[in-house]
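Protein chains: 6
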Amino acid sequence: MDSLDAYSTCPRLRPDTLVRLGRVTTATLSMQLLKRGLRHIHMRGPRALDSSRAKFVGEAFTFCFLPLREDLGTLDSYAKPGSMREAIEDMPPNRVAVIDARGETGCGTLGDILILRMRQRGALAVVSDGAMRDVAGVRAVGLPVFCDGAAASPSIGALVFAGWEGPIACGGVTVLPGDVVAGDGDGVIVIPRYLADELVEAAEEQERFERFVLYQVGRGAPVLGLYPPDEDALEVYRTWLDAGEPEA
Amino acid sequence: MDSLDAYSTCPRLRPDTLVRLGRVTTATLSMQLLKRGLRHIHMRGPRALDSSRAKFVGEAFTFCFLPLREDLGTLDSYAKPGSMREAIEDMPPNRVAVIDARGETGCGTLGDILILRMRQRGALAVVSDGAMRDVAGVRAVGLPVFCDGAAASPSIGALVFAGWEGPIACGGVTVLPGDVVAGDGDGVIVIPRYLADELVEAAEEQERFERFVLYQVGRGAPVLGLYPPDEDALEVYRTWLDAGEPEA
Amino acid sequence: MDSLDAYSTCPRLRPDTLVRLGRVTTATLSMQLLKRGLRHIHMRGPRALDSSRAKFVGEAFTFCFLPLREDLGTLDSYAKPGSMREAIEDMPPNRVAVIDARGETGCGTLGDILILRMRQRGALAVVSDGAMRDVAGVRAVGLPVFCDGAAASPSIGALVFAGWEGPIACGGVTVLPGDVVAGDGDGVIVIPRYLADELVEAAEEQERFERFVLYQVGRGAPVLGLYPPDEDALEVYRTWLDAGEPEA
Amino acid sequence: MDSLDAYSTCPRLRPDTLVRLGRVTTATLSMQLLKRGLRHIHMRGPRALDSSRAKFVGEAFTFCFLPLREDLGTLDSYAKPGSMREAIEDMPPNRVAVIDARGETGCGTLGDILILRMRQRGALAVVSDGAMRDVAGVRAVGLPVFCDGAAASPSIGALVFAGWEGPIACGGVTVLPGDVVAGDGDGVIVIPRYLADELVEAAEEQERFERFVLYQVGRGAPVLGLYPPDEDALEVYRTWLDAGEPEA
Amino acid sequence: MDSLDAYSTCPRLRPDTLVRLGRVTTATLSMQLLKRGLRHIHMRGPRALDSSRAKFVGEAFTFCFLPLREDLGTLDSYAKPGSMREAIEDMPPNRVAVIDARGETGCGTLGDILILRMRQRGALAVVSDGAMRDVAGVRAVGLPVFCDGAAASPSIGALVFAGWEGPIACGGVTVLPGDVVAGDGDGVIVIPRYLADELVEAAEEQERFERFVLYQVGRGAPVLGLYPPDEDALEVYRTWLDAGEPEA
Amino acid sequence: MDSLDAYSTCPRLRPDTLVRLGRVTTATLSMQLLKRGLRHIHMRGPRALDSSRAKFVGEAFTFCFLPLREDLGTLDSYAKPGSMREAIEDMPPNRVAVIDARGETGCGTLGDILILRMRQRGALAVVSDGAMRDVAGVRAVGLPVFCDGAAASPSIGALVFAGWEGPIACGGVTVLPGDVVAGDGDGVIVIPRYLADELVEAAEEQERFERFVLYQVGRGAPVLGLYPPDEDALEVYRTWLDAGEPEA
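Residue numbers (our numbering), protein chains in the order written: chain A, 1 to 248; chain B, 1 to 248; chain C, 1 to 248; chain D, 1 to 248; chain E, 1 to 248; chain F, 1 to 248.
Chain A extracted, bound-state conformation (with noise of 0.2 Å):
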């Protein structure tokens, strides 16, 4: 029995939530996070496969891997009920592929044929805490791909296909289905879904203080005082907003 199910039904995002958080950094959005008490939401062994291809925001669809073990991590597998094969058909278009490979580098999760499929399915991301295979091919297909290395086995080299949807830990951080992950090149930060609507304005006004924030220690002012601000500091921000934040 999963004892998280709760947390990952929850109502709708609100419709232009997904496209506002693509415009702030996960660096914001992690600020935010910690704001509200979140420390853990940082992936750690993600990185960008392809580093002009490492932004995105979406919807997790989980799939989770076990270490593994001879009987069960068999060529045979590959083609049998309840395969990574079938769970990646199962995914509805415009998710984020979230991937529980128990950050097992020896042994690629995934190599170009299935993230082909994936982009056919519409995903908008990979992000994996195992490596991939056949990296030429998988940078050749396009999507945004996050792993940790490169690696010529097979999964079944390493791992077993344990089943999708599910909650799942990737790169040491909790994923629920359904959760906000968000990606560039500061890495992958997971936002959970019930906080993504509320996060929007909280990171966009943060984002806009500090465009001032650069703008006057570009110009030679300390960040002592100015960041976080203090009265005077958040005085000139004001004006500077009323001027129609010149120079930023």
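Be a bit skeptical, because a hint or two may be false.
Said to hold, decoys possible - SDA-like, lysine to any residue: derived pairs with alpha carbons at most 25 Å apart: (1) E:Lys35 <-> B:Tyr194; (2) E:Lys55 <-> E:Leu195; (3) A:Lys80 <-> E:Leu214; (4) E:Lys80 <-> F:Pro11; (5) C:Lys80 <-> D:Tyr194; (6) D:Lys55 <-> E:Ala140; (7) F:Lys80 <-> B:Ala79; (8) E:Lys80 <-> F:Asp232; (9) F:Lys35 <-> D:Asp50; (10) A:Lys80 <-> E:Arg208; (11) E:Lys80 <-> D:Gln206; (12) D:Lys80 <-> A:Arg238; (13) D:Lys80 <-> A:Pro229; (14) F:Lys35 <-> E:Thr74; (15) F:Lys35 <-> C:Glu86; (16) E:Lys80 <-> D:Glu235; (17) A:Lys55 <-> D:Asp50; (18) F:Lys35 <-> E:Gly37; (19) F:Lys80 <-> B:Asp232; (20) E:Lys55 <-> A:Arg47; (21) A:Lys80 <-> E:Glu70; (22) D:Lys35 <-> E:Ser77; (23) F:Lys80 <-> B:Tyr215; (24) E:Lys80 <-> D:Arg211; (25) A:Lys35 <-> C:Arg36.
None of these hints come from the bench; they were simulated from the model.
Given the coordinates of chain A, assemble chains B, C, D, E and F onto it according to the supplied hints.
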């Protein structure tokens, strides 16, 4: 969806299988599994908390934790539906509780109170790849407990309870509900359920032969030629068997 | 400059705080700290060298090592101003020596001679996230000593002594001079100094309630509903209290 | 008390030392330090964030973090006396900021705003054994930045700022304020301050000889006998020098 | 005595084996090895220093380092009989230098001078599970070099050269002299020498089939039923082959 | 080819060297080695399996394992020429078996049968940086055995036997055949063979002086000025020696 359900829904074990498996060592069982192509069956991490209470064999009842997320790992979660407390009430008697703690040793997976309740529920042993807390109290309960050290913090210090009776990993080994789990001074191993009956006889024969080997080596014989045995050694073995296993 | 000075210059502890804290377990204190939002207080690494001498509570006196640099970690350095030997003479009685060894287990942080001197200086216990050397001799001194294994090499085999009574990390936990440190079979935890008085009562009440829980569970009650207690359980608890904690 | 103060209060460097050290590689300097018995001078972890901005040499200004404790690592702490912001204002121009992040890669030690302020304050480079955040923005600042990956979370996600200009460890190497720090494609090394002047000449001579070696090896000579040179090789070297280092 | 000599003294490879192996990916070869029961053939650690020079296949010539012991890892040792310099002169042309550096990344296994000499000696590639130094110079040499990062220190900073052409481990994989080693963007794998000829045809057929699969998936086919292929898929494949592999 | 042969073919040890080394601690020997510039001589990993049987000194006989490759680590390999069984028959009496298991703790390097045979062959002790199996049986044999934990699997579960009496690493320390190896409660250290005779006297004198130091510290003296001793302390020491080491 779980992909490995088929493997754990095997028929009943033969009535004497568990008793007879309990008379051989995990080292012996390990060798028999290796002969059948299974190398990934020894858990790394779990050790007996009390070396005088390290011997057990039984069918696995699985529990699963995920990494802490502050919104999920709350004090309230202890009393919610789907808690570890509820899972324990769901466990039939004569099971081995096997806990996937993601190898997290910075908090105690369980403490004396829940281990005591497990004993009351008829558990045969408890295995976790995380730490335990209240270890003085846990030892006092008297169950065989295997874990990776001690930690004062409660489980929500670093983990979130995520469910039970699904496929898990413990100490790097995949365990399905109903698999046979065995422990002793060499640690804990997993026997795929469908292999348990088959293993009994071969394991007993191996231990009989090894008693002969130890007897011979104790009298000065080299191991070379003796184990694995050449033709001469096999003949001496047969004579020794006919003689009723003298001095073994 | 140290940034955390303000936190360690708190007023005196109440006279009975340390004695009363010494009667509860680190598991209990850990839970009380977690209720106050503190999860990073359990050290990873330090374990009692002698399990029969694992219980202590006291105010921290901190020592700090850095990684070996061959020009600094010389035999001469043992006799120079600012050596560990001088630092020990600076330690008032009734303190717990807490040593930041950067988790280096390839040399002994201290050996029997310095530990003996610490006992003579009135130290209550010694905690290091590195190893100890001469562990037979160290055990003979009779102080509670917590460390991460044994190593024959002297400290300058892999470390350089860097100072004392500043903020340190030990076992991954930040410790300020004057913080309260407590140890037992579950390892070592840190209580921020300003919280020590406040924790005493809550910890005692928690242990009283857990005696009741163990009593009930020992008689067959499930933990669900009992701990955390629902209304019924609270009423039974009050009755049990009124009856003078029978059979606990 | 710091025990290593004496080592960092050396006299001024010769005026051209830093410029000349900037013309040799860290590999060369490493060899010269090893010849003087110093092996523990190469940092593990820090790599250039931008490989085209990896070359720097300068005097260290040190910063120190400790592991997160939730009561110390608050948002308020950013604005308190003793904050990182204040420390940066205390840093003289033409220094290399060297940051002890305890190897914590689960949060960003610094982001674009503070790195920009450091550039404004005249910093030559920034070195941390933790991660950076806002790495796109950090790259845009244009300073040489060495770190161990990227992480979206702010520093208080996993660290607490603890002070500046004391002895620290970075990447497993002990660094004292004023030590000379040098970086390039091979990473970052530390030169004890009192050795910097002495190293310059030897390093320059080593690189001259290695140009000769590369020239000879490029023309088919084996390295055996050439480097380290036997008598014949030394004579050829002198001739090559006299000829004005042809074709090097 | 070496116990594995028999395995590396196999007959010559077929003349076109290496050329044809060089046309398939390590991912393909990995799958063929797994089909023959070999999972432990992918090295962890070595990555291409220069991603544009990552493709190679050749017979291994092995080198072996051990951990530093200060009496063995002296500057003198560079010129002594049995040095790395001598070993390089012993290497026939058209070999891949495979170096067991015990995974030590705190020093450079080799630098630009020795790598240049290896190229002059006809080496096809260099693989180490340690770091390299002078990496700018190493890149300039132009050989495919696979290693685990960069470090300024010379090899005797942390290692001792121990011999050549014996059995070694590199990146956790056992390599015998004469085994076939192959590298590309997925890293480095080892093909037991006696299997190299046998693998060629199967690998080529696998890649032909995968071109068909990518073609089908690119046109919208699910992978389920296609790879591994069911009867229908096999028929479509045969038609596609008869048609001359259209649009692949 | 092995490069380190010269170091292990030293002349015989003085007849009483091993006996006298057996009377001092590894902590003392470690300090003497450090005084001679040797820091990398303490093994990380091996601990006494039975703390009451931890004391030994003897000349090393080396064994070497490599990581599992499924074609080499077969059950057949146990009976082939070059097996561990053959190597044991090649070991002269009064040696310490030192085993390079590459730090692999996922299988047992040896079990009770081979350890029993080693005892019969006159081995003084067994040291491995891997695990042991059948540890109950191993303990019963009665030899000092140092290893890094227990594991049920046979060696071919994760390792391949690769040879004997060559240079190896064990616990991160380079060991040549014939080096002197010593163990006690602080673990295992290696003394280069050519230094063993030289170390004896210095070690004995050090322990004499440390008995004096412990005597003084036990009577209330600070360590500062006493060890290392200033002139006054040396004079008191000489008096104490003249008085026949009272109360030590």
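Quiz item: Are Lys35 of chain E and Tyr194 of chain B close enough, with their CA atoms no more than 25 Å apart?
Solution: With Cα atoms ~24 Å apart, Lys35 of chain E and Tyr194 of chain B stay inside 25 Å; holds.
Quiz item: Do the alpha carbons of Lys80 of chain E and Glu235 of chain D lie within 25 Å of each other, as the hint requires?
Solution: Distance of about 20 Å is within 25 Å: holds.
Quiz item: Holds or violated: are the alpha carbons of Lys35 of chain D and Ser77 of chain E at most 25 Å from each other?
Solution: 13 Å, holds
Practice problem: Would you mind confirming whether the straight-line C-alpha gap from Lys35 of chain F to Thr74 of chain E stays at or under 25 Å? | Solution: 17 Å, holds
Quiz item: CA of Lys55 of chain E to CA of Arg47 of chain A, is that 25 Å or under?
Solution: 23 Å, holds
Quiz item: Within 25 Å, alpha carbon to alpha carbon, are Lys80 of chain C and Tyr194 of chain D?
Solution: 18 Å, holds
Self-check item: Restraint status (C-alpha distance of Lys35 of chain A to Arg36 of chain C at most 25 Å)
Solution: 17 Å, holds
Self-check item: Straight-line alpha-carbon gap Lys35 of chain F to Glu86 of chain C, limit 25 Å
Solution: 22 Å, holds
Quiz prompt | Restraint status (C-alpha distance of Lys80 of chain E to Pro11 of chain F at most 25 Å) | solution = 21 Å, holds
Quiz prompt | 25 Å limit on alpha-carbon distance, applied to hinted pair Lys80 of chain F and Ala79 of chain B | solution = Answer violated: Lys80 of chain F to Ala79 of chain B is near 60 Å, above 25 Å.
Exercise. Verify the proposed pairing of Lys35 of chain F with Gly37 of chain E, using a straight-line Cα cut of 25 Å.
Key: Since the Cα atoms of Lys35 of chain F and Gly37 of chain E sit roughly 51 Å apart, the hinted pair is violated (cutoff 25 Å).
Quiz prompt | Satisfaction of hint between Asp50 of chain D and Lys55 of chain A, Cα-Cα up to 25 Å | solution = 19 Å, holds
Of the numbered hints given earlier, the model fails hints 7, 8, 9, 18, 21; all others are met.
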